[in-house]
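Residue numbers (our numbering), protein chains in the order written: chain A, 5 to 273; chain B, 200 to 506.
What the hints contain is simulated information worked out from the structure, not anything from laboratory work. We treat Cβ as the ideally placed atom computed from N, Cα and C, and that holds for glycine. Warning: the hint list may mix true and false statements.
What the hints assert, rightly or not - Under the rule of at most 25 Å between Cα atoms (straight-line distance), these lysine to aspartate or glutamate pairs were calculated in the DMTMM-like manner:
1. Lys140/A to Glu239/B
2. Lys136/A to Asp215/B
3. Lys210/B to Glu8/A
4. Lys136/A to Asp401/B
5. Lys140/A to Asp224/B
6. Lys136/A to Asp224/B
7. Lys136/A to Glu482/B
8. Lys56/A to Asp231/B
9. Lys139/A to Glu482/B
10. Lys136/A to Asp235/B
11. Lys419/B to Glu404/B
12. Lys273/A to Asp59/A
13. Lys136/A to Glu209/B
Stated by the list, open to error - Chain B stretches covered by chain A per the calculated footprint, using a threshold of three residues with CB under 8 Å from any CB of chain A:
14. 202–212
15. 231–239
16. 292–304
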Amino acid sequence: MNIEELKKICLEVRKDIIRMLGEAGSGHPGGSLSAVELVVALYFSVMRHRAKEPDWEERDRFILSKGHCCPLLYAVLAKCGYFPAEKLLTLRKLKSPLQGHPHNLEVPGIEASTGSLGQGLSIANGIALAGKLDKKNYRVYCLLGDGETDEGQVWEAAMTANHYHLDNLCAIVDRNRLQIDGNTEEIKQLEPYAEKWKAFGWYVIEIKGNKIEEVLSAYNEVKKVEGRPSVIVAHTVKGKGVSFMENIAEWHGKAPKKEETEKALEELK
Amino acid sequence: MRTTFIKTLEKVAARDDSIFLLTADLGFKLFDRFRDAYSERFINVGVAEANMIGIAAGLALSGKNVYCYSIAPFLTMRCLEQIRIDLCYQNLNVKLLGIGGGLVYGLEGTTHHAVEDLAIMRSLPNMTVVAPGDKREAEALANESVRYQGPIYIRLSKEGGIQVHKTTPGLKIGKGFIVKEGAGLTIITAGNLLFTSKSVSDILESKNVKTTLISMHTIKPLDIKLLERCLKTSKAIFTIEEHSIVGGLGSAVAEVLLELGYKGIFRRFGLPDRYGPYIGKTEYLRKKYRLTPKAIANSILRVLNYK
Ligand SMILES: Cc1ncc(C[n+]2csc(CCOP(=O)(O)OP(=O)(O)O)c2C)c(N)n1
Ligand SMILES: [Mg+2]
């Protein structure tokens, strides 16, 4: 798939996210929008996977550690054909499998139930370890929020991945510099951030995470890394694509109202 | 108990290469044989319990059958939320081996006493909770646990104590085991007070009070059928456990008995709902908390108006 096609899909996914949240009346737009390129690139270009065979053993695995951004993942999975796109508008509705945080026993394509921050990278470690021992070629990708890495467990997991030389594991941090209560540096200073991961033994790449070209080349680069895990620190804009949401902490966990939804969809044309 | 359990697991691991053993920097020397024989399937995650549960979940999601080992309070409480989401919510094949169940680590102090673990684990949907009463029960339950689907909390206590079972009993998870059958009075126990409970029963027998003794090694799911039977034949039922009086075996049994319409005498023997002022060896603590055979037997006789 070429760059222009990927960009088109990103735009459509952004629209889906807005529609879903507008319909649901609650949910998390900011971190869903900031990570669109990171996840679209994986599912439409980087990962080997089969929508019609979600349990295919050789598939690459994606763990959404920041589970609150599942509208993004649901939209991408639907676009890949894991389930019908009509389902998207049932987000957070009674009896819908598309819960406010993703559950692996409900939705095909969801690898792990998440929503409690800080846990995904440990699970990714376990899957990557199993892959090594079973001599499988699959790769494991795990997307974290930058605020999420306040959690101590993330750094427990970071040490483990390095200790076991998990070069089949790639973490992606959505470095949008915002968490619920505001700027990450004001709440709990993360910088010097890349250096932290380096000190834990990881191969680190820093990119502009809303530039699909940079995202693709980062994913290609980490595939060549041997003997240690990789992390892509993706500098992004929270709320990317919707002008009135961009870089505004308030849009972390608030759904757009009707007029706001229309305005956002208009911008995303 | 833990040595027996791990030895049994070693045997199973020889023919089943899906078995993994994870520890969080505990079990010094205990795992040497397992590690040497199956080094790839043994992972010491370091002092990082939350991470251990996540790794176990990832392995289980990849088709592995995972055992996680640590001291009971650290294994159940430090990472409770990881257990809830990673293991129970996703209903994964991960077995938690909590050692030091009850007051085994007496001298280490309250940080190491596992006296709320059964209550906490019992409240989690999908979680099965077992507590073997001696080595032979540990062996039986180790074998049972291998094929069991879903998460299990297995509460182990340290080696030592006297074997109540002469041979390895045929235990089934979810089915209580009748150690001894008597009339009119039933004692139900779970975990490491099995021998104490047997002694209570012997003391009572010496006073001509016949008792039925049940090892309720599975606290969840509780064997309701067996309780129904007890209720019909007993005018008094007692529970004995080395666990807080809140939420453990006694509570579980009481809930069921009341709903079944039991009208007889019922008493729980366990630890009081407070962090004790006492630190000392297990035997000392049991004396202080009146969990010795003599103290319990006397209480029972008093309740029955024998004295
Ligand atoms: C363990 C845990 N604590 C708190 C929360 C509530 N919460 C949801 S999102 C969030 C902030 C996350 O910020 P970040 O990781 O930067 O996410 P993003 O900016 O990508 O949306 C918090 C605190 C949670 N889901 N889990
Ligand atoms: Mg953020």
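Which constraints among the numbered hints does this structure fail? Numbers only, ascending.
Of the numbered hints, 3, 4, 5, 7, 8, 9, 11, 12, 14, 15, 16 do not hold.
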